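Number of protein chains: 6
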Amino acid sequence: MTDSHLENGNFDWGIDGLVAQLRELRVQSLETRSRRDKPPKLPSRKELQTILDGLGAVLFPNRLGLPDLNDEGIDYFVGHTLETLLRKLYKQISRELQFVAEQHGLEGSVHGQALAIARQFAVELPTVRILVDSDIQAAFEGDPAARSPDEVLVCYPGITAIIHHRLAHILYRLGAPLVARMISELAHSSTGIDIHPGAQIGESFFIDHGTGVVIGETAVIGKHVRVYQAVTLGAKRFLKDDNGMLVKGNARHPIVEDDVVIYAGATILGRITIGQGSTIGGNVWLTHSVPPGSSINQASVRSELFQGGAGI
Amino acid sequence: MTDSHLENGNFDWGIDGLVAQLRELRVQSLETRSRRDKPPKLPSRKELQTILDGLGAVLFPNRLGLPDLNDEGIDYFVGHTLETLLRKLYKQISRELQFVAEQHGLEGSVHGQALAIARQFAVELPTVRILVDSDIQAAFEGDPAARSPDEVLVCYPGITAIIHHRLAHILYRLGAPLVARMISELAHSSTGIDIHPGAQIGESFFIDHGTGVVIGETAVIGKHVRVYQAVTLGAKRFLKDDNGMLVKGNARHPIVEDDVVIYAGATILGRITIGQGSTIGGNVWLTHSVPPGSSINQASVRSELFQGGAGI
Amino acid sequence: MTDSHLENGNFDWGIDGLVAQLRELRVQSLETRSRRDKPPKLPSRKELQTILDGLGAVLFPNRLGLPDLNDEGIDYFVGHTLETLLRKLYKQISRELQFVAEQHGLEGSVHGQALAIARQFAVELPTVRILVDSDIQAAFEGDPAARSPDEVLVCYPGITAIIHHRLAHILYRLGAPLVARMISELAHSSTGIDIHPGAQIGESFFIDHGTGVVIGETAVIGKHVRVYQAVTLGAKRFLKDDNGMLVKGNARHPIVEDDVVIYAGATILGRITIGQGSTIGGNVWLTHSVPPGSSINQASVRSELFQGGAGI
Amino acid sequence: MTDSHLENGNFDWGIDGLVAQLRELRVQSLETRSRRDKPPKLPSRKELQTILDGLGAVLFPNRLGLPDLNDEGIDYFVGHTLETLLRKLYKQISRELQFVAEQHGLEGSVHGQALAIARQFAVELPTVRILVDSDIQAAFEGDPAARSPDEVLVCYPGITAIIHHRLAHILYRLGAPLVARMISELAHSSTGIDIHPGAQIGESFFIDHGTGVVIGETAVIGKHVRVYQAVTLGAKRFLKDDNGMLVKGNARHPIVEDDVVIYAGATILGRITIGQGSTIGGNVWLTHSVPPGSSINQASVRSELFQGGAGI
Amino acid sequence: MTDSHLENGNFDWGIDGLVAQLRELRVQSLETRSRRDKPPKLPSRKELQTILDGLGAVLFPNRLGLPDLNDEGIDYFVGHTLETLLRKLYKQISRELQFVAEQHGLEGSVHGQALAIARQFAVELPTVRILVDSDIQAAFEGDPAARSPDEVLVCYPGITAIIHHRLAHILYRLGAPLVARMISELAHSSTGIDIHPGAQIGESFFIDHGTGVVIGETAVIGKHVRVYQAVTLGAKRFLKDDNGMLVKGNARHPIVEDDVVIYAGATILGRITIGQGSTIGGNVWLTHSVPPGSSINQASVRSELFQGGAGI
Amino acid sequence: MTDSHLENGNFDWGIDGLVAQLRELRVQSLETRSRRDKPPKLPSRKELQTILDGLGAVLFPNRLGLPDLNDEGIDYFVGHTLETLLRKLYKQISRELQFVAEQHGLEGSVHGQALAIARQFAVELPTVRILVDSDIQAAFEGDPAARSPDEVLVCYPGITAIIHHRLAHILYRLGAPLVARMISELAHSSTGIDIHPGAQIGESFFIDHGTGVVIGETAVIGKHVRVYQAVTLGAKRFLKDDNGMLVKGNARHPIVEDDVVIYAGATILGRITIGQGSTIGGNVWLTHSVPPGSSINQASVRSELFQGGAGI
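Protein chains in written order, with our numbering: chain L, 1 to 312; chain B, 1 to 312; chain X, 1 to 312; chain P, 1 to 312; chain D, 1 to 312; chain W, 1 to 312.
Don't take every hint at face value.
Remember, identical chains collapse to one label, so a pair may be satisfied in a single copy or spanning two.
Simulated pairs of lysine-lysine, DSBU-like, Cα-Cα distance not exceeding 35 Å [stated by the list, open to error]:
| id | residue 1 | residue 2 |
| --- | --- | --- |
| 1 | Lys91 | Lys236 |
| 2 | Lys91 | Lys248 |
| 3 | Lys88 | Lys236 |
| 4 | Lys88 | Lys248 |
| 5 | Lys236 | Lys223 |
| 6 | Lys46 | Lys88 |
| 7 | Lys223 | Lys46 |
| 8 | Lys91 | Lys223 |
| 9 | Lys46 | Lys91 |
| 10 | Lys248 | Lys46 |
| 11 | Lys240 | Lys88 |
| 12 | Lys240 | Lys223 |
| 13 | Lys223 | Lys248 |
Just so you know, the hints here were simulated from the structure itself, not pulled from any lab data. This structure is a prediction, so every number in the text was calculated from the model and none was measured.
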């Protein structure tokens, strides 16, 4: 075989055979999942990225929208962007509902329900703006390196994550949990912050640095809570039913009350409660509730551990 | 100096001088690396991103390919995409082989070898589909928040990482370790999961959340293993030869047997073995082997540590 | 409501009302921040991404520039790219200075100052090349998995992070801290490595794996320092002034002297000094200075901790 | 007003008033056309351009498709492209049918009819390939400047025009005349050759140079006809009905029999017949039939004209 | 020289020498034009294309704007598009005025004048909509092949040309003749219809087919005029001043009164008047005025020509 | 069949059968052209468009290159653009030579010859700049509507056409006639001016308006010639050899000497000579030589015609 042979494109990959093998595997996979026919469509990650970019622009047109907007044009930009992205969102929600309906063998159109979700989502957008304003202010006040709220908005990955979360959580609550999850993962990929869309988070929430933060589906977080990088609010263990299958959906993540600070690397597991105003030190491993005003650090946890503390 | 002066573009950057200085530094750098002539080309990160997108589409055309594929068109899409990306991959592999050949002063064409690698890679693609199907199923069964295998495929960063790894590992094994590494880093950048392409990983592997996971070059992982965020399977120390240079390539990362679960933040270092069915607790720091069925947590490690445990 | 009704586009989103509500919230937000008029513009993340891509290409045209450059064309490429990106950078710096001037109610043009910063930045580019060459060499020598310096340059996220940092730090020092911060966050998003642009870092710096690394604003790092994933060089506590506001800018992060190695997960907090040649073990939590040549690991910290160690 | 005033974006365009005026004009326009509600959608010129590019690629994949196709991949490319563009074409046809239905107040879905048209269009594609092959051969044989049939295919605007026409004519015949017309205008814009999609054109048709050629809706052209630039096959006059409205659709353009050559600038008007094998000279103005084998030039027309010839 | 030599990129083009030669020629060219310094910038063809696309969308949002607009979003789209393109247009007009000012050695800012032009242009947009509506109606009534006014709008090159002209003419009149001319040439390139922006054209103007139509700078065209392909309304001769230089700007093109029809290929030259309601036949060559109601064809012109006809 | 059926994508196009039919037709076509194997590649129209855009930018960087170039950056831009496009051009020339070699069954590499052509082309670029400068000056002096040479360069389609021609003609002369022809057709498509790349054209050539101009392969045009729209310099008849095949390449188009003006619509056919300084009137049909200083118009041609003039 010569190079010029290759220049002529005679690669002999065996494409026909590969295509046949891959088709066979697809068919088997569908049968395994009891969908013997063709697979229903899923929402598109790429479309959702476009929608989220648009939502950022609608909420903060001067900062996350177009750089050259002026007073006369700004409302037209907001209205046009909003109208466009709501239609796109409606379509993605429809895909999720259709997908679920086919899984359960349901018939009938999902469009009405999808539209209702998208409309209610729109209604709640101003509230998201108010909440994110409080998050920005919390970050500005909580970080000595922050020079202005505007810097926080355009620089801080924690703000990116919380904007995505507050939007995703609405959709999760309204009945589009898959679209919500995909939105959360967009933020996870760009920030390293992994907040399940089911988590309930109060106003003025601040995540600093953020890489490695994990917040679980049933976590409940109060107002004015501050969290640093690599903090986990996770489940301690998973319940299984009599068939050995995981029980899905039960409350299994921590409740964090107002004004709590959790330093970097702390791991808080299980349906426990961190009382109001508590401080959890860095790298602490915590699996039981603490009363309001507690101050927990590695030493206190460890000393407790060695004073007969039950294992994990 | 006035603004209008700037409008006319008289910035006086001193481009000529900068270009000359930078050229001088490039030449010195080449001489340092014993390549006095021009630098050989390397594979392109951007091209590899395109290739990986295509491979995802080929393996899962309905989920990671085009949103509107139908039965009649799907095989044509798969075949066309496959043919296109294999040619691109062949070219990137050629670049790596050419680069290595020039470093070692070898002559002769690398095209035949590059083609052989690309062809064998193609042959193994159906096996990758089978393995990733097992990974998806493992994630679905292992996460109470997962609603369907399809959601897992499109949402979970752990799946993105393992698809990249299974493809990169083939190339690593066939003799294109640089292309393999660049593919791994694409996944690392988008997921925060850092799996060296040399790692050997069995079927049904599930990484949850994933940010901060590091799996080293010579790690060996069995079947049905589950790993959470921030887990490290690393080297304990690096061997140096008589000249003080690092010894490269020796087995220095853990062996994890079948059915092991490793919780978030655990650090496992050195060529040790985690016996089948063991559970390693969160944040555990482990540098010695444990027998099958072990259940290791912070308390057990620490108590051992203070009972005369040798340091690290 | 029927599907065809939707096909005709009668979604009734209530766009007019939403636009009005969002406008009202924007106005309130501006008033809160004492900017009753329209908001000044900020630097653009997207533009900065383009500028950073160009700077990588200028510094390493054969590796991060165009794949097909040859000797005859390379200086033209470098000169053209440089000239283009310096003008863009100048514009972004102007935006920051204008923004700050408006916040402080200053008048007069900022263009002269912006140009001075951009010019000095250009002057320092060759130095950045020299420093990054030392970083690449350090990574090649420090990682047994590295096969060549070229592989390090195109694969290692730590190199991506340090290139961004060395460029951002110049701008931070010259008086464009917001542009600097935005550049740092570009690296943070793609690598999971969070280095504040204020940090001072000596030559031959190597970050391996890197996800979760956090290096604070006033950290000072010597030459030949090596750092692994999830290492934090952070502040221990924040000072507040008499009004309860955070004191901004004081030295609050560690000093790391030459030839120090810090293993994965170590947390080093406060204005302490890690003496030359020390080794800090994985997951160590350290809040006091250690002398040159120290070797600190979890056991030693803990034993100290339980021998009357003050809390954190 | 100062420049810096403009920099701040206070242009005062009066957007609100303009938007209101333009809305009012749109509403009036709809009322004039008896469509008091919202306007139905029309086919998209941009989509049709994409579809036509795809059809060229399907018919001549090696010449108008991808430059690097090889034997193994070509059918996959053709099949994938075909499947994609037929779906797009179906959608554009649906738009036309829907538009017409709304104009006539018809109800019921047009999708079945649109699909039938698209399917029949697909069936006729191989015939188009055969016809265009004959056109290419005719150009190669008819132009001394042509070096190969391949050059003709990629260079000659006449070939671009006839490919568009042969595809548009099928759609015109099957009942999608608006889509057909839009396709014709794509060719008109890029070649200056204006062939109405209703024209019937036999095999081996060659247009040289082509700019300014106009061929009317009811023209009928035989086999092996050759036409040069600026030739018009037009209508002599338009019939009006009793209300003074133009009668649409009646046969009003020339019939050109087999083997006719028409030189540049000739104008042939009305439902006349140019007999088989005739030659029409450059710039001739012809409004009456000529028998087979005629040779018409300016002199002959003029002499006839002045020998008592009836006016035009 | 071998192929592999080329693969390594040693082409030896002599770039340095070419760059130097071309620089020398640029400098000479500037000196010739009495601009010894750097050349002022000109408006950008590409930007004007974007602006014209936007103007089409603003005037006909449902037909030339976005395909999926609905009632709720349409005004936001129009307002946003309008605001964006007016700013762009203002910038292009500024470039023209700046260019002219530098040619004449004038100082002082042109921004105020540019803004005044752009604002007045905006004020006249609704009038353009009314005029183009009349043009569309004229085409629908004048072409038996037209099925609906909407088809005319999206298909007919004559409509594309007249939309461009009506917009360009405003700018020509307001004092931006270069921007106006560049807009006209955009239409010329895509339609083959060449209307100088100075031409004055009344309502209900219809150009059928259009390729090759040329209408000169000082032409005056009344209402309800119809023109076919390849019609020229040109100058008969150019006046020169005492220095032999062309006199620019004098009235030198025809006046065409209301209700005139001019058939394909007619050439009408000089400042003559075609009286109201006249019909000019195809290919007629006309250089003298004709009274209202005239019907001119080739025969009549020629017979006149030979009855002692003065030359042309 | 229902709409939702279609939503699921069951279109049943019969793709498999169509792909098979089209493949069969491709194979037949190759056999017909005596290329039984796979078709050689041709130059790419799209690549050539990119190359021509680059050449315009290299020749006139301030007008056809980047809008914001300044003195310091311009040579770098020119050098970088030039180096890039010459490599691309070399590749396209190689394709043509390879294509011709395969047609003639030749073996051996064409790369050396392609490189020689590309290098010589580069050498001649400064000459093209000089010639086009003369063309621009001619247009400025010849058109009363032209306000500056810069306006001519950016507005006039005749300048676009002559830039393309002067570049294409070099390639035609050096032995790449297919690439040359494709370049000519790019200009033809955007301007309606069709100049065969073989035509020889002297300095200071001006085409006004231009739509419909056709200039044949063997035409020879002197200096300071001016031509208006729809002028044809064509062949009178084509010679055939004993086999009835067209004789290709013989001199068959007019010679136009210096200082000739040819008005719109004139048709000049055959290897005749238009003597220096002659004026050819509009719409004249001319097939015989005229001496220097002639002034030909319709009347003179016609009177000659009827005074016993031999037919055409």
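### Query
What label fits lysine 240 with lysine 223 when the C-alpha limit is 35 Å: within, between, both, or neither?
both (33 Å within a copy, 21 Å between copies)
### Task
At 35 Å max between alpha carbons, let me know whether lysine 223 reaches lysine 46 within a copy, between copies, both or neither.
both (33 Å within a copy, 33 Å between copies)
### Task
Go through the copies and call it for lysine 91 and lysine 223: within, between, both or neither, with a Cα cutoff of 35 Å.
For lysine 91 and lysine 223, only the intra-copy Cα distance (34 Å) is at most 35 Å; the inter-copy one is 39 Å.
### Task
Check lysine 248 against lysine 46 for me: Cα-Cα at most 35 Å, and say if that holds within a copy, between copies, both or neither.
within (28 Å within a copy, 40 Å between copies)
### Query
Can you tell me if lysine 236 and lysine 223 fall within 35 Å by alpha carbon in one copy, between copies, both or neither?
Close inside one copy (24 Å) and across copies (24 Å); limit 35 Å.
### Query
Between lysine 240 and lysine 88, at a C-alpha cutoff of 35 Å, which is it: within one copy, between copies, both, or neither?
So lysine 240 and lysine 88 fail the 35 Å test inside a copy (38 Å) and across (47 Å) alike.
#### Entry: Within, between, both or neither, where lysine 46 and lysine 91 count as close if Cα-Cα is 35 Å or less
Intra 13 Å, inter 23 Å, cutoff 35 Å: intra and inter.
#### Entry: Up to 35 Å CA-CA - lysine 248 versus lysine 223, copy category
both (27 Å within a copy, 24 Å between copies)
### Task
State whether the alpha carbon distance between lysine 46 and lysine 88 is at most 35 Å within one copy, between copies, both, or neither.
Classified as both; 11 Å inside a copy, 20 Å across copies.
### Task
Go through the copies and call it for lysine 91 and lysine 236: within, between, both or neither, with a Cα cutoff of 35 Å.
neither (37 Å within a copy, 48 Å between copies)
### Message
Treating 35 Å as the Cα threshold, decide for lysine 88 and lysine 236: within, between, both or neither.
### Response
neither (38 Å within a copy, 46 Å between copies)
### Task
Classify it for me, lysine 91 with lysine 248: is the Cα-Cα distance of at most 35 Å met within a copy, between copies, both or neither?
within (27 Å within a copy, 42 Å between copies)
Checked against the numbered hints above, the structure breaks hints 1, 3 and 11 and satisfies the rest.
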